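Enquirer: Sequence:
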Amino acid sequence: MTLEKTINTAEIESRQYKEWEASGAFTGHPEKNTAPYTIMMPPPNVTGSLHMGHALNNTLQDIMIRYNRMRGKDAMWMPGTDHAGIATQMVVERQLDQEGLKRQDMGREAFLKRVWEWKAYSGGTITGQLRRLGSTPDWSREAFTMDANLSKAVVKVFVQLYKDGLLYRDKRLVNWDPKFHSAISDLEVENREVKGHMWHIQYAIEGDKARTITIATTRPETMLGDTAIAVNPEDDRYKDLIGKMAIVPICNRLIPIVADEYADPEHGSGAVKITPAHDFNDFEVGKRHKLPMINIFDENAHLNENVPEEYRGMERFAARKKILKELEELEILVKVDNITHTVPHGDRSGVVIEPYLTDQWYVDAKKMSLPVVDAIKAGKTEFVPKNWEQITFNWVDNLQPWCVSRQLWWGHQIPAWYDEDGKVYVAENEEEAQKQAPGKKLTRDEDVLDTWFSSALWPFSTLGWPEKTPELNKYYPGDLLITGFDIIFFWVLRMMMMGIHFMGDVPFKKVYLHALVLDAKGQKMSKSKGNVIDPLTIIDKFGADALRFTMSASAAQGRDIRMSEERVEGYRNFTTKLWNAARYCEMNDCLPKEGFDPSKVKNVINQWIIGEVLKATKDIEDALAAYKFNEASHAVYQFTWGTFCDWYLEFTKPLLADAPDDVKAEIRGTTGWVLDQILRLLNPFMPYVTEELYANIAKRGKDERLLTSEWPSYPASLINNAAAEEIGWLQRVISQIRSVRSDMNVPASARIDLVVQDASETTKKHISTYEAVLKQMARLNSVSLLTGKAPGRSIKAVVDEATLILPIADLIDLDKERERLNKQIAKLQDDIRKTDEKLANQQFVSNAPAEILEEFRNRKVEAQGLIDKLATALSQLEAA
RNA sequence: GGGCGUUUAGCUCAGUGGUAGAGCGCUUCGUUUACACCGAAGAUGUCGGGAGUUCGACCCUCUCAACGCCCA
Numbered sequence: 001m002t003l004e005k006t007i008n009t010a011e012i013e014s015r016q017y018k019e020w021e022a023s024g025a026f027t028g029h030p031e032k033n034t035a036p037y038t039i040m041m042p043p044p045n046v047t048g049s050l051h052m053g054h055a056l057n058n059t060l061q062d063i064m065i066r067y068n069r070m071r072g073k074d075a076m077w078m079p080g081t082d083h084a085g086i087a088t089q090m091v092v093e094r095q096l097d098q099e100g101l102k103r104q105d106m107g108r109e110a111f112l113k114r115v116w117e118w119k120a121y122s123g124g125t126i127t128g129q130l131r132r133l134g135s136t137p138d139w140s141r142e143a144f145t146m147d148a149n150l151s152k153a154v155v156k157v158f159v160q161l162y163k164d165g166l167l168y169r170d171k172r173l174v175n176w177d178p179k180f181h182s183a184i185s186d187l188e189v190e191n192r193e194v195k196g197h198m199w200h201i202q203y204a205i206e207g208d209k210a211r212t213i214t215i216a217t218t219r220p221e222t223m224l225g226d227t228a229i230a231v232n233p234e235d236d237r238y239k240d241l242i243g244k245m246a247i248v249p250i251c252n253r254l255i256p257i258v259a260d261e262y263a264d265p266e267h268g269s270g271a272v273k274i275t276p277a278h279d280f281n282d283f284e285v286g287k288r289h290k291l292p293m294i295n296i297f298d299e300n301a302h303l304n305e306n307v308p309e310e311y312r313g314m315e316r317f318a319a320r321k322k323i324l325k326e327l328e329e330l331e332i333l334v335k336v337d338n339i340t341h342t343v344p345h346g347d348r349s350g351v352v353i354e355p356y357l358t359d360q361w362y363v364d365a366k367k368m369s370l371p372v373v374d375a376i377k378a379g380k381t382e383f384v385p386k387n388w389e390q391i392t393f394n395w396v397d398n399l400q401p402w403c404v405s406r407q408l409w410w411g412h413q414i415p416a417w418y419d420e421d422g423k424v425y426v427a428e429n430e431e432e433a434q435k436q437a438p439g440k441k442l443t444r445d446e447d448v449l450d451t452w453f454s455s456a457l458w459p460f461s462t463l464g465w466p467e468k469t470p471e472l473n474k475y476y477p478g479d480l481l482i483t484g485f486d487i488i489f490f491w492v493l494r495m496m497m498m499g500i501h502f503m504g505d506v507p508f509k510k511v512y513l514h515a516l517v518l519d520a521k522g523q524k525m526s527k528s529k530g531n532v533i534d535p536l537t538i539i540d541k542f543g544a545d546a547l548r549f550t551m552s553a554s555a556a557q558g559r560d561i562r563m564s565e566e567r568v569e570g571y572r573n574f575t576t577k578l579w580n581a582a583r584y585c586e587m588n589d590c591l592p593k594e595g596f597d598p599s600k601v602k603n604v605i606n607q608w609i610i611g612e613v614l615k616a617t618k619d620i621e622d623a624l625a626a627y628k629f630n631e632a633s634h635a636v637y638q639f640t641w642g643t644f645c646d647w648y649l650e651f652t653k654p655l656l657a658d659a660p661d662d663v664k665a666e667i668r669g670t671t672g673w674v675l676d677q678i679l680r681l682l683n684p685f686m687p688y689v690t691e692e693l694y695a696n697i698a699k700r701g702k703d704e705r706l707l708t709s710e711w712p713s714y715p716a717s718l719i720n721n722a723a724a725e726e727i728g729w730l731q732r733v734i735s736q737i738r739s740v741r742s743d744m745n746v747p748a749s750a751r752i753d754l755v756v757q758d759a760s761e762t763t764k765k766h767i768s769t770y771e772a773v774l775k776q777m778a779r780l781n782s783v784s785l786l787t788g789k790a791p792g793r794s795i796k797a798v799v800d801e802a803t804l805i806l807p808i809a810d811l812i813d814l815d816k817e818r819e820r821l822n823k824q825i826a827k828l829q830d831d832i833r834k835t836d837e838k839l840a841n842q843q844f845v846s847n848a849p850a851e852i853l854e855e856f857r858n859r860k861v862e863a864q865g866l867i868d869k870l871a872t873a874l875s876q877l878e879a880a
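Here the first sequence stands for residues 1 to 880, where the numbers follow the numbering used here.
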């Protein structure tokens, strides 16, 4: 086959992916003895679509999976999707809304049918998009958090945690989302800074018309639920009022004035109203003082029957207005301050969260997290970068019970039943529950579980737990988890809690936490800002390989990634470069040859490039072992472009034209071999273009693919230091000549002569060996050794012991050459001065390690040698 | 208010206790039959400010500042 002149990424991508998937190479083999390499994919929302975060996350996972598959591991990347309770229900409710329907009118069953339909319709979108990225998870095991077996695991876990006393029902204040009519967890609350007011309201004191007490509040409507006023016990202003009763305006209820440290004398008026049913701090104060709790809201955050008649049924912010108006009329609204404060909002709904007293299910997250901390400290699970471990510990210290019930319909319905007295029975099914409550009429808990409850089980529920499957046996614990730091607390820790509790071991050995993908200006991408870059658009424009390489090359640990098209464009150019290099190889019959043995190579240039392949391989391996994706990418990029294309192919061009046949044959073999290695090294990063080239550069068997080929592995003895030194010399000579030519404005088209002065025997040998290469790459007419006197009017450059003379009298500008030489000398003298200062420092000489001293001394000698040669060149110039 | 992170070339960012690197951009030159999505050469930095540790600091410590994120 002949490679097309230009690469057609869209065509290659769709064709190659189909072949990969059909080949069955993504599938894990629990029945085989091969060592496993397991990654659990963070399941994206089933109805979602690919964003840059997914692109980053999945690229990194796929690199590790492909790399380990090539290294002979049983690579198993577990894919799947999450039912995403609130998010999905919200989407479907919005659709219903447009049809003028409400889920309450449809009923639970009909609504769920509708959600399943939506899931069936849009559920394949995200997995299709992951395929476009080139991801190779084991699709045959694709799971969904609401699959029957995963749901079974959820029920099992719920019941067991209940039995273990780690899950319980409790009446507490929750973060209530009035839009969803549901409790949400602390983590789902987003505190937003907003402009608001601090209202100062005067309360009368019972039996003392002369005294009043002024409290400050940002939420005056909650005064209808006040059950106390708190003052600081040390606050002299109010000491005498402690124990007296105040009168709540409007509803004219009597409430005690209590002493509590919570009241901050510095803050507001120093006196705070206490509404235990609607504020987390007040709730604690209420418990301390055994205050009654008056709930004044319903599930819509509308005022309920516990408030004066004229307020009942009012929306909370309307009620606030009315109250303020009434307070004003009563002339007890004494002051209004404009302030900025943080107000809790639902991260999904965007509405203000109301602390609300309800019965909910809680998991004792604190208790379950203790073994997690121990496991991390013991190194059973290691976080990369490490600093997340400490952050995790701090967070665990402040852990609150995890509210796991949600008043939604889409999700895992809680396996709990109530009898007519409200007694609860937790069981795996109704039959079991009934056994616990013989003869009683049971009703099932209407609520569902937090989405993160089921995703916390992901590392083992997807492998068949609670059955003892071969998969579970082989793939748990997983090797690596790659996810964003923003869901450490939502997901990573909860997986660890559940994994340790139910499997007796951590779910993964390493957790790589990547940063966020931002726009080019460093801002978070969001629909409202309109700065979202769609990965699919990027793929269409530059190809999936370019996007993947951008992600990998940008993934420096602990730093956000600024996404810009220019960067992707640069890596698109890299794919083109590789493509063209392969075309060149094809045109020159430099393709992989059967039976080529890199250890048998005789030509130094070939020995050198083989050694460079090995060095690059090691660099990539080391970088990946440390999860430094940017370094690994850089190593393979640099080798391919900077070493193979820029030097090796250029070195060998003149030889392919003129050298003896055996040399040509060896070059062809070596070039083909190196190309083959590059394709392997690059494959995890750029799977499509490499696969396509691999298929085209040699005859391949039906099932022979890079996807399942082997990662390069050769003995380090193939690195030939003498060859590296020799080629280093060659590169220095060529660079020097090119540099002076350019400095002196010698036209590239001008073929000039090179005369070498003071050449050592080795250099003489090299000059003769590489004459053809030097001529072509430095654009020379002839290469010779100096005999007799050095020509005066010429450009000179120094490489090691030798002086390179370019006698081009008619082409050079004497002043310019003088200037160039003087500049070089001046710079070297400056270096020597600095080195001398160091060497003159007695403390440096006596304290610095020997090899450093040696290095500085050598540096000086070398610089002096150079100066001498340049000075000679300069004086000859003057003499001429 | 607490915590974390960032501050290095015009831009985006790597980096190491021993005389600063990449990509992009910029300048000059170039149509040598893989590639102009290219090649060659080049310019540009008191490595945020200050102090300390050290023979030696961009790197370690302290401090200040700016910016960002998270939590209260």
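Hints are not guaranteed to be accurate.
What the hints assert, rightly or not - EDC-like, lysine to aspartate or glutamate: derived pairs with alpha carbons at most 20 Å apart:
(1) Lys521 with Glu467
(2) Lys602 with Glu725
(3) Lys335 with Glu446
(4) Lys179 with Glu612
(5) Lys509 with Asp519
(6) Lys468 with Glu725
(7) Lys73 with Glu704
(8) Lys577 with Glu467
(9) Lys152 with Glu467
Unchecked claim - Now the in silico label distances, taken between C-beta atoms and shown as ranges:
(10) Asp97 with Asp298: 20 to 28 Å
(11) Lys521 with Leu656: 44 to 52 Å
(12) Lys509 with Ser760: 17 to 25 Å
The set of hints was computed from the structure by calculation and includes no laboratory data.
Predicted, not measured: the structure shown is a model, and the values here were computed from it.
The beta-carbon is built from N, C-alpha and C at its ideal position, and this holds for glycine as well.
Enquirer: Look at each hint and say if it fits the structure.
Expert: Hint check:
no.: 1; hint: Lys521 with Glu467; result: violated, 50 Å
no.: 2; hint: Lys602 with Glu725; result: holds, 16 Å
no.: 3; hint: Lys335 with Glu446; result: violated, 46 Å
no.: 4; hint: Lys179 with Glu612; result: violated, 62 Å
no.: 5; hint: Lys509 with Asp519; result: violated, 32 Å
no.: 6; hint: Lys468 with Glu725; result: violated, 59 Å
no.: 7; hint: Lys73 with Glu704; result: holds, 17 Å
no.: 8; hint: Lys577 with Glu467; result: violated, 51 Å
no.: 9; hint: Lys152 with Glu467; result: holds, 11 Å
no.: 10; hint: Asp97 with Asp298: 20 to 28 Å; result: holds, 21 Å
no.: 11; hint: Lys521 with Leu656: 44 to 52 Å; result: holds, 49 Å
no.: 12; hint: Lys509 with Ser760: 17 to 25 Å; result: violated, 55 Å
Of the numbered hints stated above, those contradicted by the structure are hints 1, 3, 4, 5, 6, 8, 12, listed in ascending order.
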